[in-house]
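Each protein sequence line maps, in turn, to chains A and B. Take the first sequence: its letters are residues 1 to 231, numbered as in the UniProt record's numbering. Take the second sequence: its letters are residues 1 to 231, numbered as in the UniProt record's numbering.
If you're looking for bench data, these hints aren't it; they were derived computationally from the structure. Misleading hints may appear alongside valid ones.
[Claimed, not checked] Computed list of lysine-lysine pairs in BS3-like fashion (alpha-carbon distance at most 30 Å, straight line):
#1 Lys135/A <-> Lys44/B
#2 Lys95/B <-> Lys44/B
#3 Lys142/A <-> Lys135/B
#4 Lys42/B <-> Lys42/A
#5 Lys135/A <-> Lys152/B
#6 Lys2/B <-> Lys44/A
#7 Lys44/B <-> Lys42/A
#8 Lys2/B <-> Lys152/A
#9 Lys152/B <-> Lys135/B
#10 Lys2/A <-> Lys22/A
#11 Lys42/B <-> Lys152/A
[What the hints assert, rightly or not] Some chain A residues well away from chain B (every beta-carbon gap over 12 Å; in silico):
#12 Pro72
#13 Asn96
#14 Lys188
#15 Ile209
#16 Gln213
Note that the structure is a prediction, hence the values are computed from the model and not measured. Note that the Cβ used here is the ideal one computed from N, Cα and C, for glycine as well.
2 protein chains.
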Amino acid sequence: MKTLIMVSHPNIEQSATEAFFKTSADFVDESTWYSLDHLYSKAKIDPDREQRFIQNFDRIIFQFPLYWYSSPASLKQYMDDVFTRKFIVATQSLKNKELGIVVTTGDALTDFQAGGSERYTMSEILRPFEAFANKAVMVYLKPFVVDQFNYKEVTDKQRLLVAYLQYLNAPMPLSLENREKWLLAQLKQSKLDTAPQQQQILDLVIGAIDDQQDQIDDLKMNIKLIRDQEE
Amino acid sequence: MKTLIMVSHPNIEQSATEAFFKTSADFVDESTWYSLDHLYSKAKIDPDREQRFIQNFDRIIFQFPLYWYSSPASLKQYMDDVFTRKFIVATQSLKNKELGIVVTTGDALTDFQAGGSERYTMSEILRPFEAFANKAVMVYLKPFVVDQFNYKEVTDKQRLLVAYLQYLNAPMPLSLENREKWLLAQLKQSKLDTAPQQQQILDLVIGAIDDQQDQIDDLKMNIKLIRDQEE
Chain A
1 MKTLIMVSHP
11 NIEQSATEAF
21 FKTSADFVDE
31 STWYSLDHLY
41 SKAKIDPDRE
51 QRFIQNFDRI
61 IFQFPLYWYS
71 SPASLKQYMD
81 DVFTRKFIVA
91 TQSLKNKELG
101 IVVTTGDALT
111 DFQAGGSERY
121 TMSEILRPFE
131 AFANKAVMVY
141 LKPFVVDQFN
151 YKEVTDKQRL
161 LVAYLQYLNA
171 PMPLSLENRE
181 KWLLAQLKQS
191 KLDTAPQQQQ
201 ILDLVIGAID
211 DQQDQIDDLK
221 MNIKLIRDQE
231 E
Chain B
1 MKTLIMVSHP
11 NIEQSATEAF
21 FKTSADFVDE
31 STWYSLDHLY
41 SKAKIDPDRE
51 QRFIQNFDRI
61 IFQFPLYWYS
71 SPASLKQYMD
81 DVFTRKFIVA
91 TQSLKNKELG
101 IVVTTGDALT
111 DFQAGGSERY
121 TMSEILRPFE
131 AFANKAVMVY
141 LKPFVVDQFN
151 YKEVTDKQRL
161 LVAYLQYLNA
171 PMPLSLENRE
181 KWLLAQLKQS
191 KLDTAPQQQQ
201 ILDLVIGAID
211 DQQDQIDDLK
221 MNIKLIRDQE
231 E
């Protein structure tokens, strides 16, 4: 799976959160980090070139800090410039691709609800992107929301790292089965880059997960047989 | 009432709808037409100057064609540049001012609902602006939505003209009483600019509306008396 991470952030160099994401994304071979603000700072962009480029990817991620309940202006500028009605609606050039949203906010996620200081849920606030995915016949992924990154403990950041890597290239939706498949693929990949003495340990881990998966499959089969007899 | 009409439209000169609005707004003495795309095409903007400027107005209107379920990028750029957290949240510099949205769309308004091609209502799509008004402690006015302007008949455009003028400077909410007050103010203003032979006709019209208002007030008083006796 090829993933494009379109980052909209006017001060990307100063952002600890984006640095964290960038370092994480570097672990994923088939992901491409694409800073829209850098793109616009260089020269006038070429919509035709951008349209050809974006079609190479299976999963497109809009990644940004929430600025006044939307993305910063650079993503909107890109959408206005590149996502012409012809490209999106007439030729349906992004049809069936996945659209993910990675959004960061300094406010606590619990403030995003009726009665909270932000009043509306993140689902409501991101509705324009969902409506866009709908119009483009894309698959809208559950948004990946990171609140108050700078207050997080190290263990929370580690969990966040794994969740982010999965958001970049695990099959969706993130069921237990899909998570496990993804984990096995990561371990097998790591094995190739590892010293021989550690490969044995990884083999044991991979074997253990495979065995567990076999057990789960057996148990599921048993449940199915029991249910079939009941009917 | 002083009204600022902030127009976000990358091709404002080619837009028949914006030309119509511009001509209409010229009738309203205390309204200021402000093209954000022109502003940005000239030079780097000065946030301090913009902040001082915008505070002169009582009603601020964001006016734009709906581009991918939001405003074009220039309004977002302006919000990102000028509406700093300090200006909006810490000093609450726009507190109690009114925020209006004038939004135009080529799709029929009936498509904006569950089951329609646009799926979401305009209220849902404009939620980020409502959330902004909430955060700025502004009064969010009912958005003024104009769909399929180019297909409208002349009489519909005339009705639209009056409704737009009211949206610019009538007291809100637009109750019958507020509409009538606004109409009387417009007629009295017109009288000053009119030839003497027509002033008599306007006087008759103004007198008739005043008489009707007196009758309505009497009837309301009667209803109140009857209700009071019932209790």
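Hint check:
| no. | hint | verdict |
| --- | --- | --- |
| 1 | Lys135/A <-> Lys44/B | 34 Å, violated |
| 2 | Lys95/B <-> Lys44/B | 27 Å, holds |
| 3 | Lys142/A <-> Lys135/B | 26 Å, holds |
| 4 | Lys42/B <-> Lys42/A | 19 Å, holds |
| 5 | Lys135/A <-> Lys152/B | 25 Å, holds |
| 6 | Lys2/B <-> Lys44/A | 38 Å, violated |
| 7 | Lys44/B <-> Lys42/A | 17 Å, holds |
| 8 | Lys2/B <-> Lys152/A | 46 Å, violated |
| 9 | Lys152/B <-> Lys135/B | 36 Å, violated |
| 10 | Lys2/A <-> Lys22/A | 16 Å, holds |
| 11 | Lys42/B <-> Lys152/A | 43 Å, violated |
| 12 | Pro72 | 6 Å, violated |
| 13 | Asn96 | 18 Å, holds |
| 14 | Lys188 | 40 Å, holds |
| 15 | Ile209 | 41 Å, holds |
| 16 | Gln213 | 39 Å, holds |
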